[in-house]
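What follows is the residue order along each chain.
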Amino acid sequence: MTPPLNSLEVFKTFQQHLANGRKADHRTIVVSAGACGLASGAQKLIEALQAEMHDEDSAARVAVRVTGCHGFCELEPSLLVEPEGTFYPRVAVKQVSRLVKAVACGEVINDLLWTDPDTGKSVARMEDLPFYSKQVRKIMGRNEKIDPVRVESYIENGGYAALVKVLERGDPGWVVEEVARSGLRGRGGAGFPTGVKWRLLAKQSGREHKFLVCNADEGDPGAYMDRSILEGNPHCILEGMLIGAYATGATQGILYIRNEYPLAIAHVRTALEQAYEQGVLGNHILGTEFCFDIQIVQGAGAFVCGEETALIRSIEGKMGEPRQRPPFPIEQGIHGEPTGINNVETWANIPLIILEGAENYAGTGTSGSAGTKVFSLVGKIKNTGLVEVPMGITIREIVYDIGGGAVDGASIKAVQTGGPSGGCIPVSRFDLPIDYDSLAKAGSIMGSGGMIVMDNHTCIVDVAKYFMGFLKDESCGKCYTCRKGTQRMYEILEDITEGRGRKEQLELLEELALVVKDTTMCGLGQTAANPVLSTLRYFREEYLEHIKNGQCPAGVCKALISYSINEHCTGCGVCASNCPTEAIAGERKERHSIDASKCIKCGNCRSACKFNAVEVV
Amino acid sequence: MNGSIHMTLNGLEVSVETGMTILDAARFFGFPIPTLCHMEGLSPYGACRLCVVEIGDAPQSKLVSSCTYPVEEGLIVRTASARVLRARKMILELLLASCPQSKVIQDLASEHDIRQQRFRQEHEDCILCGLCVRMCEEQMMAKAIGFRGRGEKRSIGTPFDIHSEVCRLCGGCIYVCPACQLRCTYTEPDKAICGGCVNISPPCVEKDSYDDMMCYMAPCVACEIKKD
Ligand SMILES: Cc1cc2nc3c(=O)[nH]c(=O)nc-3n(C[C@H](O)[C@H](O)[C@H](O)COP(=O)(O)O)c2cc1C
Ligand code: SF4
Ligand code: SF4
Ligand code: SF4
Ligand code: FES
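Residue numbers (our numbering), protein chains in the order written: chain A, 1 to 617; chain B, 1001 to 1228.
Pulled out of the complex, with its shape left as it was, chain A reads as follows:
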């Protein structure tokens, strides 16, 4: 049976037909339902909306679209009304009925809109929210438009048009050079120029197979941009890979997705089925000579399996363990065949480059780092979520303008970029533009795009210890200096946070960190020292405070702090009833006190007190 889209002309007519089918006066309620939206209640909203659609009157004027994540995690579950772009944050099920009626009449419900905490004014349109207004959402912005489980929705929004453009032109070499000209660099961490990688892959000739891999292992704690692209717009990854295959002559595609992403796997699986059915994937794609297959491989979810050579071994069904490069995967990858690996976000950029042209694409970002980058902005900050910004934007703009600054009067102290193997950048360097080279110079890395904000209640040594703990568990364990080195660095950091630290240990830590960086085989070990080296570079004083004065300035390290109750105490007794060890005593309406010998420093009293009377000393 030939698939319905059996020539480029048929495809174009179909796409035009879908675009013409849009009803101008129709309003659509868009539900942000990525894995995170679903976790915060989007499923209930969807059910409530569908119930409302039983009403014929509403159904005639309002449509509902369930899409992937819109990025503003802090305010999930949220709704967006098209075409106006009205944004309703934290929508409760009981408000749905009222909302649908208002939307049907083209009205806006003011009291449900987002209000700016600084000005007290409400903001209606999504793009006017400070969180969104500085973003350039070339990739994430498509999530709102597309129903990820319907290929027609993707095609209607211009999907696969880049593939058609490439097939019409019929010149693989042009595609490779176009990607090279765009200046796109790999979004998986190292920032290797994608065009250069493709050139090398295209040159591998006379081999039986050539593989293309989409690396969706995304193992950094706190990073989830790849997941949200896979969930929200799986076809754009397939299209990117198809274009890559056409350009490099690859024969087989593999999507390596970690097992912990069930929704992403489900959406990608559906997308693959539909792409095969429609004839945009498989043999004789869109009636041309071009053939390409893509399959899914589910990874066991080890961080190190994101490393290219470990990923390849894992795809081959072996233990995920890196090996020596050279030979590089581009020459000897899966089963010894040439293999090109790119990150999810890298693939998502490809159709954009082809459609808007390399020069236009390179117009966003800086000269050394073109385009946009999606970051997952989390930590001690008001607006958490996925933010997509042009390269070259400063950290300050991301943290204060988009992120809204510190929470509850705290002061921001640093951001940690690049995941566990990244580094901390102090507030004094927040005017640093975000691009591959500046971040590397500042002792951190772009990584896959994690950005964790820390304030004065975050202990830097504790943060370094947390990341080292992660790395010591996630190192594959092959290189002695990576396995033992991370364990020993963790041990020293533990000593410091538990009050046993000695001055000499700090020197040892630094010495060891440099050797670990120097002597390990893969990127994990080579960057494993970053959390230590970058914090020592900018926050040595804080380390010394722990060691010399036995104090944790942030009030985090339990061994170095104690709790006490100050004069603000009203004697309400809430602290005492929350204390698990009955360490708090006091008469009603009189100042209470804590028995240090019983206190286990759980901090319950401090969170329970409404008068800020419990303090850390």
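Watch out, some of these pointers could steer you wrong.
Covered by chain B, per the in silico footprint, the following chain A stretches (three or more residues, Cβ under 8 Å) [stated by the list, open to error]:
hint, segment
1, 226–238
2, 273–279
Below are the DSSO-like pairs computed for lysine-lysine, each with C-alpha atoms no more than 30 Å apart in a straight line [what the hints assert, rightly or not]:
hint, chain 1, residue 1, chain 2, residue 2
3, A, Lys-548, A, Lys-558
4, A, Lys-548, A, Lys-589
5, A, Lys-101, A, Lys-145
6, A, Lys-441, B, Lys-1062
7, B, Lys-1089, A, Lys-558
8, B, Lys-1089, A, Lys-548
9, B, Lys-1153, A, Lys-318
10, A, Lys-318, B, Lys-1089
11, B, Lys-1089, A, Lys-503
12, A, Lys-318, B, Lys-1143
13, B, Lys-1153, A, Lys-203
14, A, Lys-441, B, Lys-1089
The set of hints was computed from the structure by calculation and includes no laboratory data.
Note that the coordinates shown come from a computational prediction; the quantities given were computed from them, not determined experimentally.
Glycine included, C-beta positions come from ideal geometry on N, C-alpha and C.
Following the hints, put chain B with the ligands in place on chain A, whose structure we already have.
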């Protein structure tokens, strides 16, 4: 792909066969490089990192494990630069702190003048060099033991920790082990074989049924006793 390439070894212009590793080349020309997880006849693995050498020109130079790195045209190698020596010493200090009872490690440490011990003392009986695994797979064709887990939890053993059907009790694994060879006594079969093989009884224990076996256990108490 036979042929030769030119490279610079400690300032010396040399020509070596393609397909060699840096370690092969260095040893061929008489430059010593200490190794722990490398053994003639077993495939290179690159676990101990003791054999690191510096390649390339400063400031872009980097350290790589010479036992796994293939020689390349134009490669510049230094086998004993200050950076290499610093790394080597730290690796040995780490090894000694975790595996103080190993004769091999003791000797290497003293050769390299390791005089301090700044890490907390541990007593591990395996450095996960993988020699035993490769010995078993590549020379004994048994594949009885392998690596499990990752990071701190990585260990050597048989699948599911049960007595391996394919183990031939040859003792090859113990013979090659740099960490536990001297502690191998038949009186404590549990400890007899380095970390991982705890579930295999060593050949000495069942010596009677394996009279003609190929046995690698060099200083073997059982054999000594049996002679009498
Ligand atoms: C320890 C480690 C973990 C990695 N994890 C990922 C990952 O989760 N996703 C990813 O795309 N790249 C990851 N990488 C980078 C990949 O090895 C590889 O460079 C990347 O997928 C190449 O794609 P790009 O050129 O598009 O960035 C990791 C690298 C290391 C060393
Ligand atoms: S550096 Fe670490 S993660 Fe990488 S191969 Fe070596 S031990 Fe494994
Ligand atoms: S004794 Fe068993 S495990 Fe050890 S090398 Fe021989 S066959 Fe392998
Ligand atoms: S048991 Fe011995 S030979 Fe085997 S990995 Fe451990 S140290 Fe190496
Ligand atoms: S001898 Fe090369 S890494 Fe062990």
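Sort out which numbered hints this structure fails and list those numbers smallest first.
-> 1, 2, 4, 7, 10, 13
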